[in-house]
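Peer 1: Now for the letters of each chain:
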Amino acid sequence: MVRIDELLMNEGLLMVGRALAILIVGLILAKILGSATGRVSSKYLDAQRTMLFRRIVFYLVLALFVVSALNQLGFKLSVLLGAAGILSVAVGFASQTSASNIISGLFLIGERPFSVGDIIRLDDTMGEVLSIDLLSVKLLTADNLFIRIPNETLIKSQVTTVTRFPIRRVDIRVGVAYKEDLSKVRRVLFEVARKNTLALEEPTPDFFFLGFGDSSLDLQFSVWVQKENYLNLKSVITEEIKNAFDRAGIEIPFPHRSLYAGSATEPFPVRIVEGGKGTPPGSAG
Amino acid sequence: MGKNVFKFTKPLDPLCGEVPICFGLGPDQDCGMTMSAVVHAACWGRFGLAEGQTGRWTIGPMTLWVKRLSQEWRLAFERVDDPELALVETALPCKTEEVEAAEARLAFERFLMRDTTAVLHLSPAQADRSVVVRPSTPFHLLPRQETTIFVSSPLWVKIEVNEEKKMLKEIPILRPSDTWFGPSTREGELCYSGQTQARMIEDEICFRPHRAITPVTISNEARTVLNVEKINLPVTYLSLYGTAGGALWTDSVQVKLAETPLMATVTIQPGPPPQAQEPALTFPPRLTAGRGVLTRAMSSLFA
Numbered sequence: 126m127v128r129i130d131e132l133l134m135n136e137g138l139l140m141v142g143r144a145l146a147i148l149i150v151g152l153i154l155a156k157i158l159g160s161a162t163g164r165v166s167s168k169y170l171d172a173q174r175t176m177l178f179r180r181i182v183f184y185l186v187l188a189l190f191v192v193s194a195l196n197q198l199g200f201k202l203s204v205l206l207g208a209a210g211i212l213s214v215a216v217g218f219a220s221q222t223s224a225s226n227i228i229s230g231l232f233l234i235g236e237r238p239f240s241v242g243d244i245i246r247l248d249d250t251m252g253e254v255l256s257i258d259l260l261s262v263k264l265l266t267a268d269n270l271f272i273r274i275p276n277e278t279l280i281k282s283q284v285t286t287v288t289r290f291p292i293r294r295v296d297i298r299v300g301v302a303y304k305e306d307l308s309k310v311r312r313v314l315f316e317v318a319r320k321n322t323l324a325l326e327e328p329t330p331d332f333f334f335l336g337f338g339d340s341s342l343d344l345q346f347s348v349w350v351q352k353e354n355y356l357n358l359k360s361v362i363t364e365e366i367k368n369a370f371d372r373a374g375i376e377i378p379f380p381h382r383s384l385y386a387g388s389a390t391e392p393f394p395v396r397i398v399e400g401g402k403g404t405p406p407g408s409a410g
Numbered sequence: 063m064g065k066n067v068f069k070f071t072k073p074l075d076p077l078c079g080e081v082p083i084c085f086g087l088g089p090d091q092d093c094g095m096t097m098s099a100v101v102h103a104a105c106w107g108r109f110g111l112a113e114g115q116t117g118r119w120t121i122g123p124m125t126l127w128v129k130r131l132s133q134e135w136r137l138a139f140e141r142v143d144d145p146e147l148a149l150v151e152t153a154l155p156c157k158t159e160e161v162e163a164a165e166a167r168l169a170f171e172r173f174l175m176r177d178t179t180a181v182l183h184l185s186p187a188q189a190d191r192s193v194v195v196r197p198s199t200p201f202h203l204l205p206r207q208e209t210t211i212f213v214s215s216p217l218w219v220k221i222e223v224n225e226e227k228k229m230l231k232e233i234p235i236l237r238p239s240d241t242w243f244g245p246s247t248r249e250g251e252l253c254y255s256g257q258t259q260a261r262m263i264e265d266e267i268c269f270r271p272h273r274a275i276t277p278v279t280i281s282n283e284a285r286t287v288l289n290v291e292k293i294n295l296p297v298t299y300l301s302l303y304g305t306a307g308g309a310l311w312t313d314s315v316q317v318k319l320a321e322t323p324l325m326a327t328v329t330i331q332p333g334p335p336p337q338a339q340e341p342a343l344t345f346p347p348r349l350t351a352g353r354g355v356l357t358r359a360m361s362s363l364f365a
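Chains as they are written, first to last, in my numbering: chain A, 126 to 410; chain B, 63 to 365.
Hints are computed from structural coordinates only; laboratory data are not their basis. Some hints here could point you the wrong way.
To be verified - Which bits of chain A does chain B cover? Going by a derived footprint, with three or more residues having C-beta under 8 Å, they are:
1) 214-220
2) 290-298
3) 318-325
What the hints assert, rightly or not - Footprint (simulated), chain A over chain B, 3 or more residues, beta carbon under 8 Å:
4) 231-240
5) 245-257
Claimed, not checked - Pair ranges (Cβ atoms, derived):
6) A:T285 - B:E226: 26 to 36 Å
7) B:R141 - A:L356: 21 to 31 Å
8) B:R348 - A:E353: 45 to 55 Å
9) B:R141 - A:F290: 24 to 34 Å
By construction, the Cβ of each residue, glycine as well, lies at the ideal position given by its N, Cα and C atoms.
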């Protein structure tokens with residue numbers, strides 16, 4: 126009897142040992158295959174997809190070995206799958222949001238509207254994409270804040286990828302006084318763009334007349350720039366435009382108010398005060 | 063080039079055997095050398111700077127200051143707003159008061175190393191992107207015709223130290239404007255822009271110390287008239303050749319517009335062009351183009 130018990134125990138230990146060995150081999154193999162996939166795919170794909178492929182290969186290989194190890198321990202695969210099915214329904218109900226985010230994440234990775242390193246804008250938030258994960262996208266804003274946006278939000282909303290194309294347009298709105306000659310204003314603005322080496326010569330800058338404003342002729346001057354130089358040009362060119370307008374004697378007006386008493390009323394009484402010694406208007410008799 | 067008049071003085075720095083002649087400007091003094099022979103000696107080559115000395119080089123619109131200390135090199139540069147200025151002037155070493163004034167006016171960049179040696183190399187280099195050259199008057203090339211035009215492109219200055227030529231910095235002598243060259247704002251290539259007279263007669267070429275001349279032969283083998291408003295010049299693949307006459311030339315470029323399909327073949331003829339035979343100096347290109355042939359769609363060369 127003792128010998129049979131020992132035999133069974135030894136056999137049990139052997140099974141556990143085998144299962145453990147399978148798991149360890151599986152883990153090592155999954156790591157090797159995962160990094161090999163990463164190395165190969167990094168030659169052809171971007172960082173985001175490389176990471177995704179590496180993880181898929183790693184978890185797939187590991188899952189196969191885990192199943193094999195369980196099988197070694199005497200668990201039946203069909204029972205396990207059935208249990209997993211019931212479990213997944215329960216987990217699915219409990220974690221609808223997470224599941225939705227995961228699905229959205231997969232779509233984001235597949236559709237690739239932006240990649241790591243791009244600058245995106247979502248409503249009022251703008252930042253550089255640090256990572257695209259299964260549940261969320263992490264952004265770094267210009268003021269060094271870390272923002273986590275759930276993938277579901279990104280799928281549902283309008284996202285602008287600011288750095289998608291190599292060149293961008295800087296739009297500068299400027300108002301000039303009604304008395305100014307617009308052809309002269311146009312000439313001065315184009316000269317400013319020509320002299321700035323960051324402003325692209327082609328596509329040529331655009332000059333738009335936006336309308337007759339309350340106190341100024343409203344204009345838009347648009348200059349193309351390499352995306353990396355966008356902020357730099359935007360700050361420099363506004364200063365250059367102001368200086369060029371000052372040199373050319375072009376007035377940038379601020380809001381004017383005309384006070385009019387109307388034809389039905391008497392004109393405003395005007396009193397000339399000499400040397401600032403007059404009586405204040407309220408005390409006039 | 064009428065602005066260049068040089069005064070010839072003796073080398074001031076005895077450290078380096080190959081120290082070029084030192085120059086100072088004297089508007090009415092004749093140095094007894096031809097101006098163009100002086101240009102290379104003054105701008106490009108190997109110079110010697112003793113510890114604590116500062117050198118000043120004016121190449122076209124840019125003035126470069128290089129100071130040598132025991133364990134560091136210091137660099138500064140400034141430009142004047144005159145792209146056509148063809149001035150070449152070297153002060154080696156520079157006067158103390160001039161250096162003090164420059165140090166007060168400019169921010170010197172520091173490059174640290176264990177020990178500095180007296181050797182300093184200044185060499186011209188092509189731009190780090192293609193240059194889109196726009197003839198000041200666009201022209202049409204008739205079918206089955208060939209022409210050679212001379213176009214100029216802006217140059218960079220490479221500052222290297224020690225015998226093994228350790229690079230300190232590369233500076234554009236005149237920073238050209240950026241431009242985009244491509245069929246749309248989504249596809250294309252970021253280039254520098256430049257304007258050229260696109261002269262066809264060699265004697266009319268205007269040489270400036272900060273620009274290199276490329277002979278571009280365009281042959282139109284198609285049956286339609288070729289309208290040339292701008293040319294994308296692949297300067298990163300072109301070597302530079304300095305003639306004894308002082309001019310800087312590049313490899314010549316041949317552009318052939320084929321009949322069908324509408325493709326252009328760009329061939330870079332390695333070696334100095336006929337105008338620059340037996341060059342005094344040769345500077346290698348930034349990139350090598352394999353067999354010297356680039357085939358591009360027509361839209362990526364002309365517009």
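Peer 1: Taking the hints in turn, state whether each one holds.
Peer 2: Consistency of the hints with the structure:
1. 214-220: violated (count 0)
2. 290-298: Contact hint for the segment 290-298 of chain A vs chain B: holds, 3 residues under 8 Å.
3. 318-325: holds (count 6)
4. 231-240: Check passed, 4 qualifying residues.
5. 245-257: holds (count 5)
6. A:T285 - B:E226: 26 to 36 Å: violated, 49 Å
7. B:R141 - A:L356: 21 to 31 Å: holds, 24 Å
8. B:R348 - A:E353: 45 to 55 Å: For E353 of chain A against R348 of chain B, whose Cβ atoms are near 20 Å apart, the range 45 to 55 Å is violated.
9. B:R141 - A:F290: 24 to 34 Å: holds, 31 Å
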